[in-house]
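Construct the complete structure from the given sequences, taking the supplied hints into account.
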Amino acid sequence: GTDDDDDATLAKAPRDEVLSDANIDALYIPLPTGFRNAYCVRAAHAGKHMLAEKPFAGDLERVLRVCNDAGVVFMEGAMWLHAARTASIERVLRGGGGGGGGG
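Every position in the sequence shown, counted from 1, becomes a number in the working numbering once 309 is added.
It is possible that some hints are incorrect.
[Stated by the list, open to error] Between beta-carbon pairs, the in silico distance windows are: (1) D378 / I398: 28 to 38 Å; (2) A392 / S329: 35 to 45 Å; (3) R324 / R371: 14 to 24 Å; (4) R324 / L402: 38 to 48 Å; (5) E362 / A331: 16 to 26 Å; (6) D334 / G405: 41 to 51 Å.
Just so you know, these hints were derived from the structure itself, not from any lab. Positions of the beta carbon are idealized from the N, C-alpha and C atoms, including for glycine.
If you want it as structure tokens, here you go:
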């Protein structure tokens, strides 16, 4: 097949295959909350850096400890923290008024 075919097959690969594939350095983990925690631990043990979908409602301290021990990077997909609107909301909550902010 073509490279495109190989990419499409990889996107459908079972989760265990992805963890054992030495050509994969990082994972995007959009699993439902109930499965995400355990899979993040498995991914860390497999040496995979990861971006986990939000909200991360598992044992975050454990996942961070396992990632640290494995030397991998863990990120939660909470991008709203970096949006301009977040700074505006913070100002309003602190009594600074403002509003607006867009984004």
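A quick look at each hint next to the structure:
1. A C-beta distance of roughly 35 Å is found between D378 and I398, which places it inside the suggested range of 28 to 38 Å.
2. The hinted window of 35 to 45 Å between A392 and S329 holds, with their beta carbons roughly 36 Å apart.
3. For R324 and R371, the hinted distance range of 14 to 24 Å is satisfied, since their beta carbons lie about 19 Å from each other.
4. The beta-carbon spacing between R324 and L402, approximately 39 Å, falls within the hinted interval of 38 to 48 Å.
5. A beta carbon spacing of about 24 Å between E362 and A331 agrees with the range 16 to 26 Å that was offered as a hint.
6. Judged by the Cβ atoms, the range 41 to 51 Å given for D334 and G405 holds: they are separated by roughly 42 Å.
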